[in-house]
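Trainee: Residue-level listing of the chains:
There are 2 protein chains.
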Amino acid sequence: MTLAVGMRPPLDRLRALLANVADLAHAQQVLEWDSRVSMPRRGARARADASATLTRLGHDLLVSDEMAELLEELAPVEEQLGRDSVDGALIRLTRRGWERERRVPGDLAAEMTRVSNIAVAAWDEAKAASDFHSFVPHLERQLELKREYIACFPATDEPYDVLLDDYEEGMTTSRVTEVFDTLKRTLVPLVAEVGGRGRDDALLAGPFAIEGQKRACAKILDALGFAADGWRLDETPHPFATNPGLGDVRLTTAFSEQDLHSLFSTMHEFGHGVYEWGVDPAFARTPLHRGTSSAVHESQSRTWENLVGRSPGFWRWFYPQLQSIFPDALGDVGEDAFVSAINAVRPGLIRIDADEVTYGLHIILRFEIEQELLAGTLAIRDLPEVWNARVHDYLGVDVPDDAHGVLQDMHWAIGLVGYFPTYQLGNVMSVQIWRRAQDELGDLEEQFARGDFAPLREWLREHVYQSGSMYPPRELLLRVTGSDLDPQPYLDYLTTKFG
Amino acid sequence: MTLAVGMRPPLDRLRALLANVADLAHAQQVLEWDSRVSMPRRGARARADASATLTRLGHDLLVSDEMAELLEELAPVEEQLGRDSVDGALIRLTRRGWERERRVPGDLAAEMTRVSNIAVAAWDEAKAASDFHSFVPHLERQLELKREYIACFPATDEPYDVLLDDYEEGMTTSRVTEVFDTLKRTLVPLVAEVGGRGRDDALLAGPFAIEGQKRACAKILDALGFAADGWRLDETPHPFATNPGLGDVRLTTAFSEQDLHSLFSTMHEFGHGVYEWGVDPAFARTPLHRGTSSAVHESQSRTWENLVGRSPGFWRWFYPQLQSIFPDALGDVGEDAFVSAINAVRPGLIRIDADEVTYGLHIILRFEIEQELLAGTLAIRDLPEVWNARVHDYLGVDVPDDAHGVLQDMHWAIGLVGYFPTYQLGNVMSVQIWRRAQDELGDLEEQFARGDFAPLREWLREHVYQSGSMYPPRELLLRVTGSDLDPQPYLDYLTTKFG
Numbered sequence: 001m002t003l004a005v006g007m008r009p010p011l012d013r014l015r016a017l018l019a020n021v022a023d024l025a026h027a028q029q030v031l032e033w034d035s036r037v038s039m040p041r042r043g044a045r046a047r048a049d050a051s052a053t054l055t056r057l058g059h060d061l062l063v064s065d066e067m068a069e070l071l072e073e074l075a076p077v078e079e080q081l082g083r084d085s086v087d088g089a090l091i092r093l094t095r096r097g098w099e100r101e102r103r104v105p106g107d108l109a110a111e112m113t114r115v116s117n118i119a120v121a122a123w124d125e126a127k128a129a130s131d132f133h134s135f136v137p138h139l140e141r142q143l144e145l146k147r148e149y150i151a152c153f154p155a156t157d158e159p160y161d162v163l164l165d166d167y168e169e170g171m172t173t174s175r176v177t178e179v180f181d182t183l184k185r186t187l188v189p190l191v192a193e194v195g196g197r198g199r200d201d202a203l204l205a206g207p208f209a210i211e212g213q214k215r216a217c218a219k220i221l222d223a224l225g226f227a228a229d230g231w232r233l234d235e236t237p238h239p240f241a242t243n244p245g246l247g248d249v250r251l252t253t254a255f256s257e258q259d260l261h262s263l264f265s266t267m268h269e270f271g272h273g274v275y276e277w278g279v280d281p282a283f284a285r286t287p288l289h290r291g292t293s294s295a296v297h298e299s300q301s302r303t304w305e306n307l308v309g310r311s312p313g314f315w316r317w318f319y320p321q322l323q324s325i326f327p328d329a330l331g332d333v334g335e336d337a338f339v340s341a342i343n344a345v346r347p348g349l350i351r352i353d354a355d356e357v358t359y360g361l362h363i364i365l366r367f368e369i370e371q372e373l374l375a376g377t378l379a380i381r382d383l384p385e386v387w388n389a390r391v392h393d394y395l396g397v398d399v400p401d402d403a404h405g406v407l408q409d410m411h412w413a414i415g416l417v418g419y420f421p422t423y424q425l426g427n428v429m430s431v432q433i434w435r436r437a438q439d440e441l442g443d444l445e446e447q448f449a450r451g452d453f454a455p456l457r458e459w460l461r462e463h464v465y466q467s468g469s470m471y472p473p474r475e476l477l478l479r480v481t482g483s484d485l486d487p488q489p490y491l492d493y494l495t496t497k498f499g
Numbered sequence: 001m002t003l004a005v006g007m008r009p010p011l012d013r014l015r016a017l018l019a020n021v022a023d024l025a026h027a028q029q030v031l032e033w034d035s036r037v038s039m040p041r042r043g044a045r046a047r048a049d050a051s052a053t054l055t056r057l058g059h060d061l062l063v064s065d066e067m068a069e070l071l072e073e074l075a076p077v078e079e080q081l082g083r084d085s086v087d088g089a090l091i092r093l094t095r096r097g098w099e100r101e102r103r104v105p106g107d108l109a110a111e112m113t114r115v116s117n118i119a120v121a122a123w124d125e126a127k128a129a130s131d132f133h134s135f136v137p138h139l140e141r142q143l144e145l146k147r148e149y150i151a152c153f154p155a156t157d158e159p160y161d162v163l164l165d166d167y168e169e170g171m172t173t174s175r176v177t178e179v180f181d182t183l184k185r186t187l188v189p190l191v192a193e194v195g196g197r198g199r200d201d202a203l204l205a206g207p208f209a210i211e212g213q214k215r216a217c218a219k220i221l222d223a224l225g226f227a228a229d230g231w232r233l234d235e236t237p238h239p240f241a242t243n244p245g246l247g248d249v250r251l252t253t254a255f256s257e258q259d260l261h262s263l264f265s266t267m268h269e270f271g272h273g274v275y276e277w278g279v280d281p282a283f284a285r286t287p288l289h290r291g292t293s294s295a296v297h298e299s300q301s302r303t304w305e306n307l308v309g310r311s312p313g314f315w316r317w318f319y320p321q322l323q324s325i326f327p328d329a330l331g332d333v334g335e336d337a338f339v340s341a342i343n344a345v346r347p348g349l350i351r352i353d354a355d356e357v358t359y360g361l362h363i364i365l366r367f368e369i370e371q372e373l374l375a376g377t378l379a380i381r382d383l384p385e386v387w388n389a390r391v392h393d394y395l396g397v398d399v400p401d402d403a404h405g406v407l408q409d410m411h412w413a414i415g416l417v418g419y420f421p422t423y424q425l426g427n428v429m430s431v432q433i434w435r436r437a438q439d440e441l442g443d444l445e446e447q448f449a450r451g452d453f454a455p456l457r458e459w460l461r462e463h464v465y466q467s468g469s470m471y472p473p474r475e476l477l478l479r480v481t482g483s484d485l486d487p488q489p490y491l492d493y494l495t496t497k498f499g
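Residue numbers (the working numbering), protein chains in the order written: chain A, 1 to 499; chain B, 1 to 499.
Calculated from the structure, these hints are not laboratory results.
Every residue gets a Cβ at the ideal spot worked out from N, C-alpha and C, and that includes glycine.
Do not take every clue at face value.
Claimed, not checked - Footprint (simulated), chain B over chain A, 3 or more residues, beta carbon under 8 Å: (1) 37-48; (2) 222-234; (3) 243-249.
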């Protein structure tokens, strides 16, 4: 492979090589976005092949002899550079990626991408038809591939550790279990205590015309920091955010006339988008140019969805506008009643629509099931039954069909096994970071009530977003909050708000 | 580059290598489509880099040592295989691509892609502001690159021949000049004779609500052969069609309330789409899986736009539906008057909106100017002046601003220099092929009047589309029509219809 990197200094050659890897990832992200937003259904097989080839080419560049030689050549440089050196971080992060990628055969990497494409298309149809059976072979294949992938790595305490580490550097299954056990001890009795309180379905019965929801989402995004020439918002069955390259942030959301969940999923995805948008543009086309981990990413999506988007201050600003968009549905609903209704604790079926208290139980359930599936102690054919039983146990609700049960999330179809825990770790981190922001910025609620989100956004940009992937998640959290991962502030927040 | 092609037979290895090249082209086409349809404006620079990298990687695969060895190994096989052998055609076409690509340095190939991305973004803004000046440096850079590109090839009679051959294998500047001179001898007096005849602007004054135009386009496409699960139609300032991979055909069109041009540009792009759609699916992920040349492609877009879309039979079927969509604008306009109005010869400013008679003059003008720009006998700064003067000479109309003049087409921004003549060659071929279809299918007009386009579409699929790029354009034309390129049927058609 001619890369025109010639005889330049090794760091320049590293950057040139990484720019090519980043460009392939850029294309890959556009293909993924396209396959969910735009691609005609019949294009899925050809797309799966194309996407797999990009994965293989990126893999080959990353594990090339040239990369190995550069990393060896740069080892002494890395040692000399401190923790605050961009170049040092770049070498460290590249080495981490190389160390992982070189263990995985190119064929396996490509096949994982190919299967993800096929499985997502199958999941789309299975969910629409609420037909778990048709999705079984795809889930089986994904789990086989996950086991093959795990087998590429040195043995860990738990096989699940290998997957976790891809999303959350340094995180282990035992640490997640420990944190989740702590959470459960508070969440389960809290749900029992306050579940259903504040719930008044009639208040939010709608209908809310989708055109109006789109206008509301646009107004909210504008105020939060959406730049029309650098962002876009589309509609997909499952909301997501992506950032193929500098100056190009894409969010999606889902609308239903029956509720206002679209507003919260839009703010959630805004949190992902604004994190990527805020990374130092000088990091473009390097692995530093993205959020440092899934949990830190989710801490930001959950911040904007919940800590901002469900706060009384936010609605002091936006509720009159929402009322004017939906005069029939909301004209007679007072602001306090509305804020109380969107914060009601209502154990339900759908994770992404869950309130802040029950959300964690949706995650814990998935975390447990993923481990059992991987270990083979839970057979795929039994999955709906086990899912439904556990939803009943944890949340006290009955699952009417698989579309509202085990088929609701696309994560397993894409091959995201081990990702779910990072949502809840993100919740935990979000409050740790939030407390710090409050200390420095004063009364955030009062700022939100004026529709002013810039101080918070800029503070987060400076302290969290800007550094991209320079610091591993644990180090970033320590730098921002002075503390390691700690569930206590999150639990205090929940018990104060809901207890 | 590990390609997992191992020690398989050389043809299998060739196919595996070509599949990777095709996958990169797939990604490249999605990136291009995305950059015109979806991408936020600020993403253009990053996109230019990513797109350039894909070009380079594709180039590197195509000119790799492995490819050179395979082609050498396959030379005797190619000789044994006849003209109707798919494998033989695949080797021939790959060799042609390799022969051209290997002369071009990877840096130049990548830079051409990068500059195209940047220049298109600049053209978009320049056209919107009708500001030629801001576009000058981009056009300069494009012409520099074209000259560098031409210099990679052995000397030809005309430097322009090198560019032509990329779009139209075997075509030369002198042959185009000869054909165009023949056309001019008939077209110029014909325009003088019939220009303005049938013109009654009041009949088509509109306004035509864009929502209604969208419905009309959807109805037409459905009848012509649009498959909802394999095609899509979007809106862009300049219409185009693309086909990233099997089962994924994408058209765009442009709407204006003032006229119904959108219907014709939609049918034009349908012609491109249905050609690609009709190629043998077994050719997927090979260079055979596309139309054989630009002129043959344009012959099909012009067939569906004009020979079908401006025929009385077509409107016998569709006009009542169009009237019901636009009762205010068309309720009092009779079918004959409407058909006459959409076939009026009205020398105008915009190529893509031109009638069938004046269209050729738009092309001849561009063909002449491109050669002068390449030769340096026309300076870029003088381009608007020369453009406007020549539009006045050929078409008798005055150009009010550059947006309606030299900035109207995006071709030069993308780097498509040498492409324009293929539109007019396509017109010529379209009538040759049409005559043959009429001989075999009988009264096409009568079929169209019933809304039945399947016989024509399937005949074209069988005779033209299916073979993809198996035959060079001249050979395909000979196989379909029994004749070489011949302007006479086209001129007969025009003089009969308009003279």
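Trainee: Indicate, hint by hint, whether the structure satisfies it.
Mentor: Status of each hint after checking the structure:
no., hint, result
1, 37-48, "holds (count 11)"
2, 222-234, "holds (count 6)"
3, 243-249, "holds (count 6)"
Against the hints set out earlier in the document, no violation occurs for any number.
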